[in-house]
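Visitor: Sequences listed follow chains P and A, in order.
FYI, in my numbering the residues of the first sequence are 1 to 119.
FYI, in my numbering the residues of the second sequence are 1001 to 1077.
Calculated directly from the structure, the hints in this document are not laboratory data.
Keep in mind that the hints are not guaranteed to be accurate.
[As the list claims (entries may be wrong)] Keeping only pairs whose Cα atoms sit at most 30 Å apart, straight-line, the calculated DSSO-like set for lysine-lysine is:
#: 1; chain 1: P; residue 1: Lys76; chain 2: P; residue 2: Lys6
#: 2; chain 1: A; residue 1: Lys1072; chain 2: P; residue 2: Lys21
#: 3; chain 1: P; residue 1: Lys8; chain 2: A; residue 2: Lys1072
#: 4; chain 1: P; residue 1: Lys8; chain 2: P; residue 2: Lys21
#: 5; chain 1: P; residue 1: Lys76; chain 2: A; residue 2: Lys1072
#: 6; chain 1: P; residue 1: Lys76; chain 2: P; residue 2: Lys21
#: 7; chain 1: P; residue 1: Lys102; chain 2: A; residue 2: Lys1072
#: 8; chain 1: A; residue 1: Lys1074; chain 2: P; residue 2: Lys102
#: 9; chain 1: P; residue 1: Lys102; chain 2: P; residue 2: Lys76
#: 10; chain 1: P; residue 1: Lys6; chain 2: P; residue 2: Lys102
#: 11; chain 1: A; residue 1: Lys1074; chain 2: P; residue 2: Lys6
#: 12; chain 1: P; residue 1: Lys102; chain 2: P; residue 2: Lys8
#: 13; chain 1: A; residue 1: Lys1074; chain 2: P; residue 2: Lys21
#: 14; chain 1: P; residue 1: Lys21; chain 2: P; residue 2: Lys6
#: 15; chain 1: P; residue 1: Lys21; chain 2: P; residue 2: Lys102
#: 16; chain 1: P; residue 1: Lys76; chain 2: P; residue 2: Lys8
All values reported here derive from a predicted model rather than from experimental measurement.
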Amino acid sequence: MSYTDKIKDVIEGSDVALFMKGTPSFVMCGNSDRALQALRRAGAPVTAVDILPDPQIRQELASISGWPTIPQVFVKGELVGGADIVEELEQSGELAATLRDKLGDDYAAARDETTVTLG
Amino acid sequence: MSTQPLRELLERAFPDATELDVVDRTGGGDHFQVIVTAPSLAGLSLVEQHRRVYEALSAPLGDGTIHELRIKTKGAS
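Please construct the entire structure, taking both the sequences and the accompanying hints into account.
Guide: Put into structure tokens, the structure is as follows:
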């Protein structure tokens, strides 16, 4: 089976998509946690996808995004980067500026966190 | 893997680098921190800058030699 359509649905249909190892309540990797914490500090409404249940999810995600590592963060369908970039942009304030720009001034009001399971 | 082969791959990809460093973060030869500052990265988004680093290190990333990679890039000299 292929995950490509489901992955694209999440990327294109989510305000902020985070592909990670584990889930926000049970993070399985330090870099995924760095990205998640940076997004939380910026107040981002995160839709998280655990890539661990099937290695194929990671492979298909990499060919869609052209990004070889996990985590991967997308805002409104556009790749923002991995943990290093998201952390850097959060610290400089650019992440919040991008979120305001793409999602509107009240983007942080909802503060919701969604976990999507592919399969 | 020691840091030297990675450094050589990066030097080949970024001959204009004004700063280029590879650190073995854990001493285990598989968790690395890479720092590249090069004029050729100027004007590129961070995503594109990091893509250049991934391309330069695609062999050790692909064969699992690099288990974890942290990247810090800058476009200016």
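Visitor: For which of the previously enumerated hints does the structure constitute a violation, in increasing order of number?
Guide: Result: hint 11 breaks, nothing else.
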